[in-house]
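Undergrad: Sequences are here, hints too, so could you generate the full structure?
Taken in sequence, the protein lines are chains V and C.
Here this note's numbering is used: the first residue of the first sequence is 1, the next is one more, and so on.
Here this note's numbering is used: the first residue of the second sequence is 1, the next is one more, and so on.
Don't read these hints as lab results, they were simulated from the structure.
Please read these numbers as outputs of a predicted model, since none were measured by experiment.
Ideal Cβ placement from N, Cα and C applies to all residues, glycine included.
Careful, some of the hints might be misleading.
[Unchecked claim] Straight-line distance between alpha carbons at most 20 angstroms, and here's what the computed EDC-like set of lysine to aspartate or glutamate pairs gives:
no., chain 1, residue 1, chain 2, residue 2
1, C, Lys106, V, Glu106
2, C, Lys52, V, Glu106
3, V, Lys78, V, Glu101
[Claimed, not checked] Negatives, chain C to chain V, calculated, CB over 10 angstroms:
no., residue
4, Val11
5, Thr24
6, Gln45
7, Gly107
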Amino acid sequence: EAGVVQSPRYKIIEKKQPVAFWCNPISGHNTLYWYLQNLGQGPELLIRYENEEAVDDSQLPKDRFSAERLKGVDSTLKIQPAELGDSAVYLCASSFRVTGELFFGEGSRLTVL
Amino acid sequence: GNSVTQMEGPVTLSEEAFLTINCTYTATGYPSLFWYVQYPGEGLQLLLKATKADDKGSNKGFEATYRKETTSFHLEKGSVQVSDSAVYFCALSEPGGGADGLTFGKGTHLIIQP
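TA: Given below as structure tokens:
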């Protein structure tokens, strides 16, 4: 069974440019998460989806970050415009609501110059 | 709010040594507790979990016991191997298993030398 797939794995952009990350969760997982992981820190939740509904986006900086999960499957996280402080790893995870175990993708590492 | 505190790394041990990585938490009620591991170049993987007080989670020779009285969930292994080198994250969730999202510690980098 395929795991959580994220792309791109690495992205280097200049500040003020836009960037987007894509996530394909494990088939059948109705809950999808985006986490931010800064260097030397643990992951921090940005947004959680139940199917296509964002049920917790309290930690998402909405002035520059946006996310969507059309049709309740794939998800995209966008940053526009990017700032130097956005350099980090963006992790996607999914879970099947009943078990609650989170499965993580390998992450997308963003470097903003 | 909820928080998790882990011992600082890196932790460097020789092969076959005994491992303890300390983890304490702050939460209301009875959270579920987890250890995740991140091997180089890979995503985080669930290592073990415990959902109520005095439960012991175990996997791949690792163990952790949910101690409500000391709000701790220390990770232990009797004899580590080079292949155990990774970053270990302690995490908690609201009661129910984690589907509402996890609060992570900062991670502990473990280095096992042959």
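Undergrad: State for each hint whether it applies.
TA: Against the structure, the hints come out as follows:
no.: 1; hint: C:Lys106 <-> V:Glu106; verdict: holds, 18 angstroms
no.: 2; hint: C:Lys52 <-> V:Glu106; verdict: violated, 30 angstroms
no.: 3; hint: V:Lys78 <-> V:Glu101; verdict: violated, 26 angstroms
no.: 4; hint: Val11; verdict: holds, 14 angstroms
no.: 5; hint: Thr24; verdict: holds, 14 angstroms
no.: 6; hint: Gln45; verdict: violated, 7 angstroms
no.: 7; hint: Gly107; verdict: violated, 5 angstroms
Comparing the model with each earlier hint shows violations of hints 2, 3, 6, 7; every other hint is respected.
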